[in-house]
Amino acid sequence: MKSFFLALLKSRAGLFGFLLVLVFIAGAILAPYLGLPSPTRSSLTARMVAPTWTSLFSPGAHPLGTDELGRDILSRILYGSRTTLLIAAGAVVLGGVVGTLLGIVAGYYRGMVDRILMRIVDIQLALPLMLLALLVVAAVGASSQNLVVVLALTSWLRYARIIRGQVLALREREFILSAHAIGAGTWRIMIKHLLPNVMTPVLVIATLELARIIIMDAALSFLGLGVQPPSPSWGRMLADGRVYITTAWWIVTFPGLAILLTVLSVNLLGDWLRDYFDPKLRTAR
Amino acid sequence: MTMEKTPQKPLVIADRLCKTYGGGRGFLAGSTPALKAVDNVSFEIYPGETLGLVGESGSGKSTTGRVLLQLEEPTSGDIIFKGQNLTGLSKPLLKPFRRDMQIIFQDPYSSLNPRMTVGEFVGEPLVVHGQGGNRSERNDRVAALFRRVGLDPSFMTRYPHEFSGGQRQRVCIARGIALDPALIVADEPITALDVSIQAQIVNLFQDLQDELGLTYLFIAHDLSMIRYLCHRVAVMLRGRIVEIGPCEAIFENPQHPYTQALLSAIPVPDPKIERERRPIAFDVNANPTPADAVLKPVGERHFVLG
Amino acid sequence: MTPLLDIRNLTVVFDTPAGTVHAVNDVSYTIEEGETLGIVGESGSGKSVHALSMVGLIARPPGRIVSGEVYFKGRDLLKLAPRELYNLRGKEIGFVFQDPMTSLNPVLTIERQIAEPLRRHFNLSKNQARERVVELLELVGIPNARTRIGQYPHEFSGGMRQRVMIAIGISCNPKLLIADEATTALDVTVQAQILDLVRDLKKKIGTTVIWITHDMGVVAGLADTIQVMYGGRIMERGPVDAVFEDPRSAYTWGLLKSLPHGGKRGATRLYQIPGNPPNLIEKPVGDPFAPRNAFATERCKRETPPLLQVEDGVAGHKAAAWYDLRAELKKEREASA
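Protein chains in written order, with UniProt numbering: chain G, 1 to 285; chain X, 1 to 306; chain B, 1 to 337.
Worth flagging that the hints you see were computed from the coordinates, not collected in a lab. What you are looking at is a predicted structure, and each value in this text was computed from that prediction instead of being measured. Hints are supplied without guarantee of correctness; some may be wrong.
Stated by the list, open to error - Just a sample of chain G residues kept apart from chain X, beta carbon distances all over 10 Å, derived:
(1) P37
(2) R41
(3) A211
(4) A219
Unchecked claim - Taking lysine-lysine and the PhoX-like style, the derived pairs with C-alpha atoms no more than 25 Å apart in a straight line are:
(5) K257/B / K272/X
(6) K257/B / K330/B
(7) K283/B / K280/G
C-beta: ideal position from N, C-alpha, C; glycine also.
With the rest of the complex left out, here is chain G:
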């Protein structure tokens, strides 16, 4: 753990990404304690108030302005991040774990297991993911847990396909044969020999997927199938603020910026993690 932070301190981009992620997480956790107006309280007298930077610390002010119903945007972004980040992180972890394991299983066993898994992937890829997500959400309802599962469902196949290809190449490497030669069991070969060697692509896909999932979550909210109003979500803020872009630019800009910064910070952190897990690059630095 200590070496982890030491290595992190040496990488400017990694540290920046890490700190930014920390800020978002802190914002999400601390949102109720910052003395902000409630994210759901609307005020007809304070509709579409422009951002005022000077009012950052005066109570009752709106540093990022208010939306068309007079709700405080900063507050909505922070409260929105609680659901958005939780759902996105949950979906990435669930989809990543399931997809990676299935990819390793398919590549390792080949044969029938592989054919069945890959046909499922093909079939699912043939369906538009959005449509699939819509159908499932419409069927089971739009709770946070359901959203995590639905978004993971659209995500696992990306891992499974790429990891399977990697494993197919890896299993021909002689250190895998050597593991067979000492009598190592299937589980040991998968966890000790295959998994560490596919971590690079897994992390790359995961960072890309996180960005995609945040946007997909936004799209689902936009279509009214995400987190239900009046709970704030970044996607819904984007969707609702869209029409006011010419008159009140801040309504759509700040949630957009929040998505952008989240995706950026996760990408930076992901790049760094990928290098960190590669022993070759770790010692080179």
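Based on these hints, arrange chains X and B on the given structure of chain G.
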């Protein structure tokens, strides 16, 4: 160690081994022509002996080694190790035998797990077979193995990419001898190494044989090293053994035209000899081996396919 | 007579995340027209890198030519524009690489691949080029050349592919042919045929050849001059007979001594050079072989020995050594006697 065994009893017997690839019909894949990688190969290796296996790429020598260790299942034939027939044994039944036979590969770059420290890699066989006790006892054993193959035990926590080819091969050898095996299949273990390192590894193989009584199947295409290392040599061509015999008989008195061609093709590091050397040509396609050919004795323990 | 190729103080480095790799350090040598130079060395000796860098075939970055001049027929190759180098390669300087499978394009016919440099350099028509391709394939000993030109690389065996590579290398009658481990991936019997072919071609068309390999045996049979490289430097160089019989660099001597030489199994162990190949990331100081050399003096560790004509040796026999290997070996013999 070798004294306990009677020299007449082979450690391992390969009996009419065949390995065929393809030929089946796959789902949505159509049929592929069958390739006989190993074709009716029989030999035995005695305790403490080094049997050299030579042949060109595609001759089936590597496949023979892998089939012998049950890393690939033979299509037909038997492998008898210490009197026990290994063919058809299930994975759990085979596991105790895995302790007794190990393999060293050609490419020390792809035979180490890049994401595992070399210490963990060398100690893995001990973990798998529940030997070596707790973590610190196991560490001591791994350190001893490192010293045994000429590596500094302080390297144990490092990753493979920090090592040169020769050092990596030493790591592989340390892992290979961790469980005190009887038989080691060495599949071209020096081919990928730098010339100035090859002699070090060859000497290490010999020292280990002297001290631990190891038995080797040494697969190579460098015949001069084979001559230096082996007691007996088998020459493979297109999946079959065309000649087998004591090293001296093969090198001094080769009988099969292919063996003769192979021997005449080795470049000699001496310009005077080299200018006079005229390689004998051998066209495999013009001289196909009859399918019903069998190994016939031509001298003391010396057999030729014909 | 001016030499065909005159390399002066060539130094090449690679900038990697782990540090600067000093691949070629101050290499100078010449090669006369018609000569066959065998360059021997192990990985990291600089034998391949120096040859590739002089014709602009290393990736830059990470490669960087720090200094040097490479005169080929009077022109400094390192000062040529990429376009001029491109025109030179294939036409005046031919190449044969180690791996014929990756060097040939799998989706083009053999004819296309051999004809490409011909048509580019000589403006031949399609039919003229085809005639030349057939002629070349016959020259390198590929039977049924006329029917085989329409085939793809995978339809050729490893040895036949390497013959195709040689045909491409010599297609424009280059003045200089550089072969980099051209037979390493081949079986010994095929290697013997390829070496015969090269000897034969030299007789027929008189090409100057640089043959880069790690195999002392191959050099013994092919080269007029041998050049031994280690740690990015030339350790020894001279007529093959002189160097094999009377090596003056401890590295050459160790290499030759560590080979089995037809030795049988038995009492003797092989002579082994101790230690590991040098780490080229550290700035080279002194004789690169000194850490592995039992005869090394204090001076070898501090100061790089220049490549000098060997006293009482044949003309052109040069070695880079502060120690006197002959005297040391004599002392050793006397001590053991």
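Here's how the hints hold up against the structure:
Separation of P37/G from chain X is adequate, the least Cβ-Cβ distance of about 50 Å exceeding the 10 Å criterion. Listed as a non-interface residue, R41/G keeps its Cβ farther than 10 Å from every Cβ of chain X; the least gap is roughly 52 Å. At roughly 26 Å from the closest C-beta of chain X, the C-beta of A211/G stays outside 10 Å, upholding its exclusion from the interface. The Cβ of A219/G lies farther than 10 Å from every Cβ of chain X, with a closest approach of about 36 Å, so its non-interface assignment holds.
Distance check on the hinted pair: K257/B and K272/X sit about 17 Å apart at the alpha-carbon level, within 25 Å; holds. Restraint check for K257/B and K330/B: the C-alpha separation of about 16 Å stays at or below 25 Å, so the hint holds. Under the criterion of a C-alpha separation no larger than 25 Å, the hint pairing K283/B with K280/G is consistent with the structure, at around 21 Å.
Going through the hint list in order, the structure satisfies each hint without exception.
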